[in-house]
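Quick note, the sequences are listed as chains A and B, same order.
Using the working numbering, you'd call the opening residue of the first sequence number 1 and step up by one each time.
Using the working numbering, you'd call the opening residue of the second sequence number 1001 and step up by one each time.
Derived from the structure by calculation, the hints contain no laboratory data.
No residue lacks a Cβ here, since even glycine has one placed at the ideal position from N, Cα and C.
A few of these clues could be false.
As the list claims (entries may be wrong) - Computed beta-carbon distance windows for the label pairs:
hint: 1; chain 1: A; residue 1: K118; chain 2: B; residue 2: S1239; range: 49 to 59 Å
hint: 2; chain 1: A; residue 1: D295; chain 2: B; residue 2: P1235; range: 21 to 31 Å
hint: 3; chain 1: A; residue 1: K277; chain 2: B; residue 2: F1236; range: 15 to 25 Å
hint: 4; chain 1: A; residue 1: A412; chain 2: B; residue 2: D1181; range: 32 to 42 Å
hint: 5; chain 1: B; residue 1: F1236; chain 2: A; residue 2: K33; range: 47 to 57 Å
hint: 6; chain 1: A; residue 1: E360; chain 2: B; residue 2: M1001; range: 15 to 25 Å
hint: 7; chain 1: A; residue 1: D295; chain 2: B; residue 2: S1239; range: 22 to 32 Å
Stated by the list, open to error - Using 30 Å as the maximum straight-line C-alpha spacing, the simulated DSS-like pairs for lysine-lysine come out as follows:
hint: 8; chain 1: A; residue 1: K185; chain 2: A; residue 2: K38
hint: 9; chain 1: B; residue 1: K1209; chain 2: B; residue 2: K1195
hint: 10; chain 1: A; residue 1: K24; chain 2: A; residue 2: K42
hint: 11; chain 1: B; residue 1: K1058; chain 2: B; residue 2: K1384
hint: 12; chain 1: A; residue 1: K190; chain 2: A; residue 2: K43
hint: 13; chain 1: A; residue 1: K277; chain 2: B; residue 2: K1278
hint: 14; chain 1: A; residue 1: K189; chain 2: A; residue 2: K38
hint: 15; chain 1: A; residue 1: K277; chain 2: A; residue 2: K298
hint: 16; chain 1: B; residue 1: K1238; chain 2: A; residue 2: K298
hint: 17; chain 1: A; residue 1: K277; chain 2: B; residue 2: K1238
hint: 18; chain 1: A; residue 1: K415; chain 2: B; residue 2: K1278
hint: 19; chain 1: B; residue 1: K1194; chain 2: B; residue 2: K1063
hint: 20; chain 1: A; residue 1: K143; chain 2: A; residue 2: K38
hint: 21; chain 1: A; residue 1: K277; chain 2: A; residue 2: K185
hint: 22; chain 1: A; residue 1: K298; chain 2: A; residue 2: K415
hint: 23; chain 1: B; residue 1: K1238; chain 2: A; residue 2: K220
hint: 24; chain 1: B; residue 1: K1115; chain 2: B; residue 2: K1238
hint: 25; chain 1: A; residue 1: K415; chain 2: B; residue 2: K1195
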Amino acid sequence: MAEKIAQDGANSSVQKDQSMEIQKRMLAAHAEKLWKAKEEGKKVVYTFVPGNLTELILASGALPVYPEINALQSGMRNLSADYIQEAERIGHSEDVCTYVKCDVGMMLKGNVGPTGVKLPEPDLLLLSYTGCFVFMKWFENLKQHYNCPCVMLHVPYQADGVVTDAMKQYVVDQIRDDVIPALEKVTGKKIDMDELRRRMQLSRQAEDDLVWTLQSAKRKPSPIDAYFVGVYYIGPLFSAFRGTEDAVEYYRALRAEVEDRIKSNLGPMTPEGVLAKERYRLVVEGPPNWTSFRDFWKIFYDEGAVVVASSYTKVGGLYDRGFRHDPEHPLESLAEYCMGCYTNLNIPSRIDLLEHYIREYNADGFIVNSIKSCNSFSAGQLLMMRELEQRTGVPGGFIESDLVDPRYYSQANIKNRLESYFQMLAQRRAAGSAVLHGVS
Amino acid sequence: MKYYLGIDLGSTTTKALLIDENEEIIGRGLTNTRCNYFVATEVAKSEALNSARFFLLKRELEKALIDDSLKERLFDELGANFRLEQQLSHLDLLNETCEKTAPENVKDGVSSIFKQLKTDAQEIFADVKTDQSRFFRDMAGSAYCAAATKVSESGKVSFDSLVAVYDKAILQVENQVPEIDFQQMARKAQAAMKKQNGQKAEMHEAVDKAISSAAVLDLKIEQMVGTGYGRQRLPFEKSQIRSEILCHGLGAHFMFPNTRTVLDIGGQDTKAIQIDDKGVVTNFQMNDRCAAGCGRYLGYIADELNVGLHELGPLSLAADRACQICSTCTVFAGAELRDLLSLGESRENILSGLHQAIVLRAMSLLARSGGVENEFTFTGGVAKNGAVVKALDELVAENYGERKLNIHTDSIFTGALGAALYAHRAIDLEGAEVA
Chain A
1 MAEKIAQDGA
11 NSSVQKDQSM
21 EIQKRMLAAH
31 AEKLWKAKEE
41 GKKVVYTFVP
51 GNLTELILAS
61 GALPVYPEIN
71 ALQSGMRNLS
81 ADYIQEAERI
91 GHSEDVCTYV
101 KCDVGMMLKG
111 NVGPTGVKLP
121 EPDLLLLSYT
131 GCFVFMKWFE
141 NLKQHYNCPC
151 VMLHVPYQAD
161 GVVTDAMKQY
171 VVDQIRDDVI
181 PALEKVTGKK
191 IDMDELRRRM
201 QLSRQAEDDL
211 VWTLQSAKRK
221 PSPIDAYFVG
231 VYYIGPLFSA
241 FRGTEDAVEY
251 YRALRAEVED
261 RIKSNLGPMT
271 PEGVLAKERY
281 RLVVEGPPNW
291 TSFRDFWKIF
301 YDEGAVVVAS
311 SYTKVGGLYD
321 RGFRHDPEHP
331 LESLAEYCMG
341 CYTNLNIPSR
351 IDLLEHYIRE
361 YNADGFIVNS
371 IKSCNSFSAG
381 QLLMMRELEQ
391 RTGVPGGFIE
401 SDLVDPRYYS
411 QANIKNRLES
421 YFQMLAQRRA
431 AGSAVLHGVS
Chain B
1001 MKYYLGIDLG
1011 STTTKALLID
1021 ENEEIIGRGL
1031 TNTRCNYFVA
1041 TEVAKSEALN
1051 SARFFLLKRE
1061 LEKALIDDSL
1071 KERLFDELGA
1081 NFRLEQQLSH
1091 LDLLNETCEK
1101 TAPENVKDGV
1111 SSIFKQLKTD
1121 AQEIFADVKT
1131 DQSRFFRDMA
1141 GSAYCAAATK
1151 VSESGKVSFD
1161 SLVAVYDKAI
1171 LQVENQVPEI
1181 DFQQMARKAQ
1191 AAMKKQNGQK
1201 AEMHEAVDKA
1211 ISSAAVLDLK
1221 IEQMVGTGYG
1231 RQRLPFEKSQ
1241 IRSEILCHGL
1251 GAHFMFPNTR
1261 TVLDIGGQDT
1271 KAIQIDDKGV
1281 VTNFQMNDRC
1291 AAGCGRYLGY
1301 IADELNVGLH
1311 ELGPLSLAAD
1321 RACQICSTCT
1331 VFAGAELRDL
1341 LSLGESRENI
1351 LSGLHQAIVL
1361 RAMSLLARSG
1371 GVENEFTFTG
1381 GVAKNGAVVK
1391 ALDELVAENY
1401 GERKLNIHTD
1411 SIFTGALGAA
1421 LYAHRAIDLE
1431 GAEVA
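Okay, chain B solo, but in the shape it has when bound (with noise of 0.2 Å):
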C-alpha cells in the first residue's frame, strides 16, 4: 500500500492528514503552528503517522474480534489511553526543562506543581471538554497555573515566578519535535488499560498481536504536498505546494461532491471559492491585507472578554438583538467592545453584532466571487462557531434563496486533505501549458 500526505502550514494551527492509494482517510495530525513551522510540519507529521498507525491497528483489530460492543469500548479505552500517554511523555519533557531552568528558589515549588500535575493527569488530559483545547501547550498550561496559584498560596514563592519557568519551558519544549515510539506508546496504553479493567486474555492476545504488526507496518510516504499561509517555508520542491485555494477546493469537493462554493474563513484570511463539479476551482476571493472578520479577530474578542473563543458562538446565540457594530477592523476591536459596554450594552447582544459584522464581511467576499448558486460549503476554525454558522445560513438563505451549508467533522483537514489528494493524483500543473 501506498501513502500520500498533506500539510497545510495555517497561521493558526498546523495540520496533516494521510490517505492511502485508495483516498481513505488514514490518519491525522493536528498542532499549533508556534513560531517555528518546520517543528510544527514535523509534529502534525509524526502526529498524523501515529494516528494511522492507531488507525491500522483498530482495522486489524476488527478483523480479530467478533463483539461489536467489546469492540468499541476496547477502541476508545485504548485510543483514550494511547492520546495520554502520549501527553504524559511531552508532561514529562515539559518537567525535565522546568526543573532544569527554574532558579534555586522556586525548585521547589515547580516539583511540587508537577507532583499534582502527574497525579491529575486523567483529568487534565482525558477528560477534556470537546469544545475545549487539545494542544497540549493549553492543557498543561491552565493546569500549571491553577497548580501554581495553590503552591503560591503558602507564601514561600510567587506566582508569576512560578509562571514565569514555565513561560520560558514551554517555548523550549514546542521547539522540539518529540520523538515517539509507537509500539512503547500503544503497549503503555494496553497496560494502563489491563490496569483498569483486567479484560480477557484471548483479547489482550489480539491486542499484542495488532500492535506488534501496527508498529512495524512500513507507513512509506510516495509523495508529499504543501499547502497554507506558510507553504512557502515548506523544504519542498515547488510542484509540490499549491495555493491553499486549489486545496480547499478539491478538499470540499472530495467530502462533499455536490458543493460549489466554499467558503474558508481560517486565522487570518477568508477565501470564498468556487468550484466546477470536479472540484476545479473556478474563480475565488480573498480578503484584503486587513485581517478584520477573520478567526484572529474572534481570538481578540475573546480575550478582550477575558471568555475562551469556544464560549463566544454560544454567548452570542443567547443574545435577544444584535447591536450595531461599526467595524470589523481588529485593531479597534476593543476600543469598539467598550464603548458598547461603557454604553451599557450586554456582552451577548455585542456579540451577537460582532458575528454577523463578520459573515457580513464573508458575504461580500462571496458575491464577489459569484455568489452561492448551488450547495455550499464552511470550512476553517471558524466554522466551528455556531453563532457564524446560523448567521450565513440566515444571510446566505436572504441573499441567495435556501441552500444547503455543509460542515464536515473534518472541516479543519479539508486544506490538508485537497493536498494529500493533490499528491496522490499527481497533477502536474507545470505540464499544462498554453495550447
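Looking at chain A on its own, in the form it has when it is part of the complex (with noise of 0.2 Å):
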C-alpha cells in the first residue's frame, strides 16, 4: 500500500479546508437562498450543467437549480437507489440513465434535496443543452410534472470538429430571440446588458485560477489529483457560481493553496491524507462513479495512482485549451461556450484532446470508466482507446461502472480490473532492467 504522511503540514491542511470552507458556505447560502426563494419573490430556473448559461440566468435575477448535480449528491448521499427504484415504479426503463431516474425519483418524493432542504419549484426550465438526447426527454418529464414553461436551446454538435460562424449565429440567434425572452417574461424585468457582461468578466477571472489549477499537474509529482479532486474544483464554475464575487475569491484562495502545496512539495490530497509517493500518472476519460466513490478513489491513491489529467472536468468547458467568456461579446461568447463543452465535440476531437493530455501531463496510462447510462460519454470510448493507443503507445485501461446507480458497481470487479492494469504498468516499467530474463 502507499505509503501515507499524515497531514502535519499545517498551513497546508488549514489551507485545504479554507477552499474546502468557502465552497462548504457557498453551497449553503445558495440552498438558503433557493429554500426562501418562493417567499422573496425570486424565480427559478432548472438548466444543464453542459453549456450553461449561468450568467445570463444570474443576470435576470433568477436562481439556478441543476437537477444533474442533484443526481450525483445524492449518489455520494446514498440516497439515488430509492430515488431510481420509485422512478422505475412508475415506468422508467432499467436503461433510462440514472441521472434521469434518480432526479424524477427525488422529485416524486417530494423533492428534498440531497442536503435535506426543499427545492422550489421551477419557473423556468431552461434546456439548454442539446448535445445529450435524454436530456430533451428529461425536461419534457420535469415539464409534464410542473406544467411550467420550457425554453429549448438548441446547440449544434461539433461534427466537423469545428464551430462556423453560422453555427454560432445560430445560436447567438436563439439566445437573443427565445431564451432572453424567455427569462424576461418568467422574471417581468429586462435583462441588463451590464449585469451580463459584469458577470462574465468575474467568470473570466476565476477561469483563469481554474486553468491554472488543473494546469499545475504538469508537474512531477502533481500537486493535485485531476479527477478524484478535480471534481471538487469544477464545481463552482460549472454550476450556480460562475459569474460571481464568491466564486473569484474560490478560486483565488484555491490557487494560492495550490501554490503552497508545490512549495512544500506536497502530494494530492486524499480522503487518507497527502499521497507520498506518486507512482502511475494517470489520464482519465468519462464521469466518476458517484454512489462508490470514496471506494473507487481507494483503489488508485493506494497503489499511488493520481490522475494528472481528465475529460470528466471539461464538461462544464475546455477553458485550458483558451476558452474565456467575453464581456466585449457576451452573447456571442455564450454561444461559443455551449457549443465547446467536452460532451459537443465530435469522437476524432475527443481523441485529440485526450492525446494531448497524455502527451502533455506525461501520464503513464490511461483508463476509460464507461458508464452505463450515458450514452453522451460512452459511445465510441472502445474506438478512442485503440486510437489512443496507437498513437501513444500508452496502454489503455478500460472498466465499467454508472453514474447513481449502485447495482452497476462492482467493487471487487474494478478492483481486479485496475490492480491487475497498474501491475501491468509497473511490469512495463521493471521489463527494462532485465529482470524479466529470468535464469537464461
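Build the complex from these two chains, which are given one at a time in their own frames, with help from the hints.
What follows is the structure in C-alpha cells.
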C-alpha cells in the first residue's frame, strides 16, 4: 500500500480546509436562497451543466437549479438507489439514464434536495444543451410534472470538429430571440446587459485560476488529483457560481492553496492524508462513479495512482484550451461556450484532446470509465482507446460502472481490473532492467 | 536445490505448480476450488509437493535402471497405484464421515455402498477416461449414486436419503486438508504393484531406495507467488501476489516463447493479453462483470442439456450447421436453449451456434486488446473444448490471417506457472518507480 503521511503540513491542511470551507459556505448560502426563493419572490430556473447559461440566469435575477448535480450529490449520499426505484416504479426502464431516474425519483418523493432542503419548483425549464438527447426527454418529463414553460436552446454538435460562424450565429439568434424573452417573461424584467457583462468579467477571472490549478498537474509529482479532487475544483465554476464574486474568491484561495502545496512539495490530498508517493500518472476519460466514490478513489490512491488530467472536468467547458467568457461579446461568447463543452466534441476531437493530455501531462496510462447510463460519454470509447494506444503507445485500461445506480458498481471487479492494470504498468517499467529474462 | 511455488486460485479450480531453480516444472497440483480458498490452496499445494516427490523419485530410478521399456511400465504402474492410494485414503475418510453422520436407519445402506465402492475402486478411480473429471468429489460422487441406486432397489432405504448422507459428508471431507505421507503412500503403491505382477527383486530394490530418498528430500520452498480470482484471500504479502494477467502472460511466454497474444477463457472471466518478446504484458482486456461466454456458461448449458461438460465440444462438432444465438447471457442461456429446442433445432446445431457465440465475444476482446498479429496461445479450462478451438482458429484466420495457435497440455497450469516464475525471478514491481 502506498505510504501515507499524516497531515502534518499545518499550513496546507488549513488552506485545504479553507477552499473547501469556502465552497461549503457557498453551497449552503445558495441552498438557503433557494429555500427562501418563493417567499422572496425570486424566480427559479432549472438547467443543465454542459454549456449552461448561468451568467444570463443570474443577470435576469433568477436562481439556477441543476438537476444533474442534485442527482450526483444524491448518489454520494446514498439516496439515489431509492429514487431510482421510485422512478422505475412509474415505468422508467432499467436502461434510462440514472441521473434522470434519480432526479425524477427525488421529485416524486417531495423534491427534497440532497442536503435536506426542499427545492422550489421551477418557474422556467431552460434546456440549454441538446448534445445529450436524454436531456430533452428529461425536461419533457419535468415540464409535464411541473406544468411550467420550457425553453430549448438547440446547440449544434461539432460534427466536423469546428464551430463555424453560421453555427455561432444560429445559437446567438436563439439566445436573443427565445431564451432571453423567456427569462424576461418569467421574471417580468428586462435583462440588464451591463450586469451580464459584469458577470462575464467575473467568470473570466475565476476561469483563469481554475486553468492554472488544473495545469499544475503537469508538475512531477503532481500537487493535485485532477479527477477525484478535480470534481470538487470544477464545482463552483460549472454550476451556480460562475459570474459571482464568490467564485472569484474561491478560485483565488484554491490557487494559493495549490501554490502552497507546490512550495511544500506536497502531493495530492486523499481521504487518508497527503499521498506520499506518486507511482502512476493517469489520464481518465468518463465521469466517476458517485455511489462508491470513496471506494473507487481508494483503489487509485492505495496504488499511488494520480490522475493528472481528465475529460470529465471539461464537461462544463474547455477553459484549458483557451476559451474564456468575453464581456465584450456576451452573446457570441455564450454561444461559443455552449458548443465547446466536452461532450459536444466529435470523437476525433475528443481523441486529439486526450492525446494532448497524455503527452502534455506525461501520463503512464489512461483509463476509460465507461458509464452504463451515459451514451454521450460512452459511445465510441473503445474506438477512442484503440486510436490513443496506437498514437501514443500508452496502454489503455477499460472499466465499467455507472453514475448513480449502485447496482452497476462492483468494487471487487473494478479493483481486480485496475490492480492488474497498475501491475502491468509497473511490469512494463521494470522490463527495461532485464530482470524478466530469468535464468537464461 | 531451491524450489518455487506458484498458486493460481481460480473460481472453478485451484492450481499449484512447483519449479526448481533451473525453472524446470517438477510438480503439479489441481483441485476444485470449493467454497474454501484456504483448503483448496493447501490441497493443491500438497498435491504439487507429492507430485514433485514422485517426479524426483522417477528421476532417481532413471539413473538406476537401464531397460527403457521396463522403466516406462514401472513408472506408469507406480504412478497409477500412487494416485489410486491417494484416492483410497480419501475414500476411507469419506466412509468414516458418512458412517458417523448417517441416521440409524440409513447406516446399513451406507455400509453396503462403501463395500461396493472399495471393491470397484480400481475401476472408479484408476480407469478414468481422459475427458472425465479426475476430482475425487466427481469420481466418488457418481460411483456413490450408482451404488445407492442399487441399494435402494431393496426398498428398505430411499435413494434420496442415501444421497443426502453423501452430500453432507463430501462437504466436510472437502473442507479438510488430507494428511498424505508420501513414503507410506508410495510403499503402498509399491506393494500393490508387486502383488499385481511380482517383478524382479533387483528392480524392487531400486524402487525401495528411490522411495526412501525421495521421501526425505527437503523440498524447501524458497518463495511463492499467488494469483487468480481469489488471490486477495491468500495469506500472502502483497509483493507475493500478482494479477492473473501478468501470470498468464509470463506463463504462456515460457511455454511458447514466440507467443505475442494470449487468450484465456476461464470459469468466469475471459482475458485477451498482448505480450512482448520477454513475456511482459503490453496490453490486456477483460470481459465486463457479466460471465457470459465463459466456462461457467458452458457449465450451465451442459446442465441444461443434461450432458457432461466434456461432451459439449464433440456434440457441437457433429453439427451440420450453426444456429443463430442471440445472447451468451448465462442467465438466459436455459431459456434460449429451450426456445430453440422447441422449434425443433438439434442439440448439435444449437451447441455449434453457442460455441461460435462464445468465440465471437472473445474475438471482440482480442480486437480491443490489439488483435492477433502473431503467434497466439489459448489457455484456461475452455481451451480443452475442441469446438471452441475450431471456431477460434477459423475466426482468427478470417480476421487476422493464418496464425499459429498454441494449446499446451499444461494449459490449465499457465497462470500457476507464471506465478512460480515470478516467485523465482523475484521481480520487484514495487521497486520500479517513476523515473
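Quick rundown of the hints versus the structure:
For K118/A and S1239/B, the hinted distance range of 49 to 59 Å is satisfied, since their beta carbons lie about 53 Å from each other. In this structure, D295/A and P1235/B meet the distance hint of 21 to 31 Å, their C-beta atoms being roughly 23 Å apart. Hint check: K277/A to F1236/B, Cβ distance near 22 Å, so the stated range 15 to 25 Å holds. Against the hinted window of 32 to 42 Å, the Cβ-Cβ separation of A412/A and D1181/B comes to about 39 Å, which satisfies the hint.
The hint said 47 to 57 Å for the Cβ distance between F1236/B and K33/A, and at roughly 56 Å that hint holds. Checked against the hint of 15 to 25 Å, the pair E360/A and M1001/B fails, with Cβ atoms roughly 52 Å apart. The beta-carbon spacing between D295/A and S1239/B, approximately 23 Å, falls within the hinted interval of 22 to 32 Å. About 17 Å separates the Cα atoms of K185/A and K38/A, which keeps this hinted pair within 30 Å; it holds.
As the CA atoms of K1209/B and K1195/B are separated by approximately 19 Å, the hinted pair is consistent with the 30 Å bound. Between K24/A and K42/A, the direct Cα distance comes to roughly 22 Å. Compliance with the 30 Å bound is thereby established for this hinted pair. Straight-line distance between C-alpha atoms of K1058/B and K1384/B comes to about 28 Å, which keeps the hinted pair within the 30 Å bound. The hinted pair formed by K190/A and K43/A meets the criterion: a straight-line CA distance of about 14 Å does not exceed 30 Å.
Annotation: proposed proximity of K277/A to K1278/B holds, straight-line Cα distance about 28 Å (limit 30 Å). For the suggested pair K189/A and K38/A, the alpha carbons sit about 17 Å apart, so the restraint of at most 30 Å is met. Taking the CA atoms of K277/A and K298/A, the gap is near 14 Å; set against the 30 Å cutoff, the hint holds. For the hint pairing K1238/B with K298/A, the CA-to-CA distance comes to about 16 Å; that is within 30 Å, so the pair holds.
For the suggested pair K277/A and K1238/B, the alpha carbons sit about 17 Å apart, so the restraint of at most 30 Å is met. A C-alpha spacing of about 26 Å is found between K415/A and K1278/B, which places the hinted pair at or below 30 Å, so the restraint holds. Distance hint between K1194/B and K1063/B is fulfilled; the C-alpha atoms sit about 21 Å from each other, no more than 30 Å. Our distance criterion of 30 Å between C-alpha atoms is met by K143/A and K38/A, whose separation comes to about 19 Å.
Distance check on the hinted pair: K277/A and K185/A sit about 56 Å apart at the alpha-carbon level, beyond 30 Å; violated. For the proposed pair K298/A and K415/A, the alpha carbon gap of about 10 Å is at most 30 Å, so the pair holds. The hinted pair formed by K1238/B and K220/A meets the criterion: a straight-line CA distance of about 26 Å does not exceed 30 Å. For the given pair, K1115/B sits about 48 Å from K1238/B by alpha-carbon distance, which is inconsistent with the 30 Å threshold.
The straight-line distance between the Cα atoms of K415/A and K1195/B is roughly 56 Å, outside the 30 Å bound, and the hint therefore fails.
In this structure, the earlier hints numbered 6, 21, 24 and 25 are contradicted, and the remaining ones agree with it.
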